Amino acid sequence: MYSQIVMDNFSNPSNAGEIENADGIGEVGNPVCGDMMTFYIKVEDEKLADVKFKTFGCVAAIAVSNMVSEMAKGKTLEEAGSITKQSVAEALEGLPKEKMHCSNLGAEALAEAIKDYKSKNSTSESEAG
Amino acid sequence: MKKVYMDHASATPVRKEVIDAMMPYFGEKFGNPSTIYDIGSEIKKDIDEQREKVATLIGAEGKEIIFTSSGAEANNLAIKGVAVAKQKKGDHIIISAIEHHSVLNSARYLERTGFEVTFLPVDEYGLVSPARLAKAIRPETILVSIMHANNEIGTIQPISDLSAICREKEIVFHTDAVATVGNIPVDVNDLGVDLLTISGVSLGAPKGIGALYFRKNTRLMPLIHGGIQERGRRGGTENVPGIIGFGKASELAMEELPENMNHVRKLRDRLISGVSERIEQVKLTGHPEKRLPGHASFCVQAIEGEAMLIMLNVKGIYANTGSACASKALKTSPVLVAIGLSADLAQGSAVFTMNRTNSIEDIDYILTELELSVKKLRSLSPIWREKAAA
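Those protein sequence lines, which keep their order, are chains A and B.
Just so it is clear: in the first sequence, position 60 is 60 by my numbering, and no numbers are missing.
Just so it is clear: in the second sequence, position 358 is 1358 by my numbering, and no numbers are missing.
Derived by calculation from the structure, the hints in this document are not laboratory data.
All values reported here derive from a predicted model rather than from experimental measurement.
A couple of the hints might just be wrong.
Claimed, not checked - The calculated lysine-lysine pairs, modelled on BS3-like cross-linking and capped at a C-alpha distance of 30 Å, are:
| # | chain 1 | residue 1 | chain 2 | residue 2 |
| --- | --- | --- | --- | --- |
| 1 | A | Lys85 | B | Lys1376 |
| 2 | A | Lys97 | B | Lys1053 |
| 3 | A | Lys42 | B | Lys1376 |
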């Protein structure tokens, strides 16, 4: 049902966990819907120095979370913004049709974390100014 | 790698004795049972012998058995066949909220064609209350269908109490006994049912064979119109090898029943107590005592069942789940909803169904691997963190 690369990302996720004092946190979904993802990002020089996640969900949801974090790490915020559900699914060598929404959630959770960072940052800038 | 198959509710391996019994019917015994020459008419006799064996397993007579292609077809035949045959008498049907899809969707189909259907709720263990059934019955009620045991939560219904209410009012009573026949003693007279569904795949016969028991004088409209096979109740040339295999499997199930029940009950109890000792925040689903001897089902907090089962699969363990994520429609199992579980707890469903081929070592292997999988998935779960903090 799942590709080897999905299984690898699910069985040995490299970026699972939390970041203490994260610069941005994004949370999407909820347990009642069946999937919930929380993304943590660390930003240095407008680049994603670190990305971690925690996910409640199926094999696809966990594999997507890890793949999104892998794809995002080291990218500029702008580059990371271009990660889409299609590009994640492609990197995973495809997902079953009914699991594509998981792919969407992963991209969304990362975007939320970046948004959170930007909003915190603009507040502190305006405070500083 | 060690392999442990514990999804016997989905399918059982076909036994060697069963395969051996079937083999000649793919080759030299190929004749059509409806013909009059000896290579056909002898097979008709062989079929009727199997009919007796299947009947014996449920305390019935051979002539009360209709062979079908599956448990699903038998359920369809029972529900639609009675509804159509009795529609002049009434248009109301009662089923429980936790029926198999083949009963549930047959009833929904009838609803669209003008019948009225009451879906009886169940309690937190999945039990149907006889008082509630009595209340739901109307003068127009023609059929009640309540499954003997549920394959997802293992709960066994008080069928004889439920059927007694219907018999008094001359309402046809059907039970889907796919989960029980071959696993616990089943007797159509003790149960007091008019119709009962059996499936081959759950008792060591091949896929593609099932049967409907019908009590003499129960009126039934065929689903498959054709020749006079199954005394006109189901057209189509018989699945002869399947029927032979079904008969052999029934015979073996009958002989081995007491021993098998004892064996799987020990395994089940070891699994249930082991899980509760080793994993915190796990709910046993279904009734703690009134349950199938070889059935253990749980909902694990803060993780999702498909992920849990695929992780077990990687370790060579094969089990089932009612998680929404494991269904193509992404819907939580209606059974877990009906017993009142919250949607997030229902996501953590895991179902283990064992048979004679499983061992104590299998249970211990599952306990070790299940504990590891749950631990790993919880370490990934944002809601487990919240629980720990709370």
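These are the hints, each one checked on the structure:
1. At most 30 Å may separate the alpha-carbon atoms for a hinted pair to count; Lys85 of chain A and Lys1376 of chain B meet this at roughly 26 Å.
2. Proposed proximity of Lys97 of chain A and Lys1053 of chain B is contradicted: the alpha carbons are some 45 Å apart, above 30 Å.
3. Restraint check for Lys42 of chain A and Lys1376 of chain B: satisfied, since their Cα atoms lie roughly 24 Å apart, inside the 30 Å limit.
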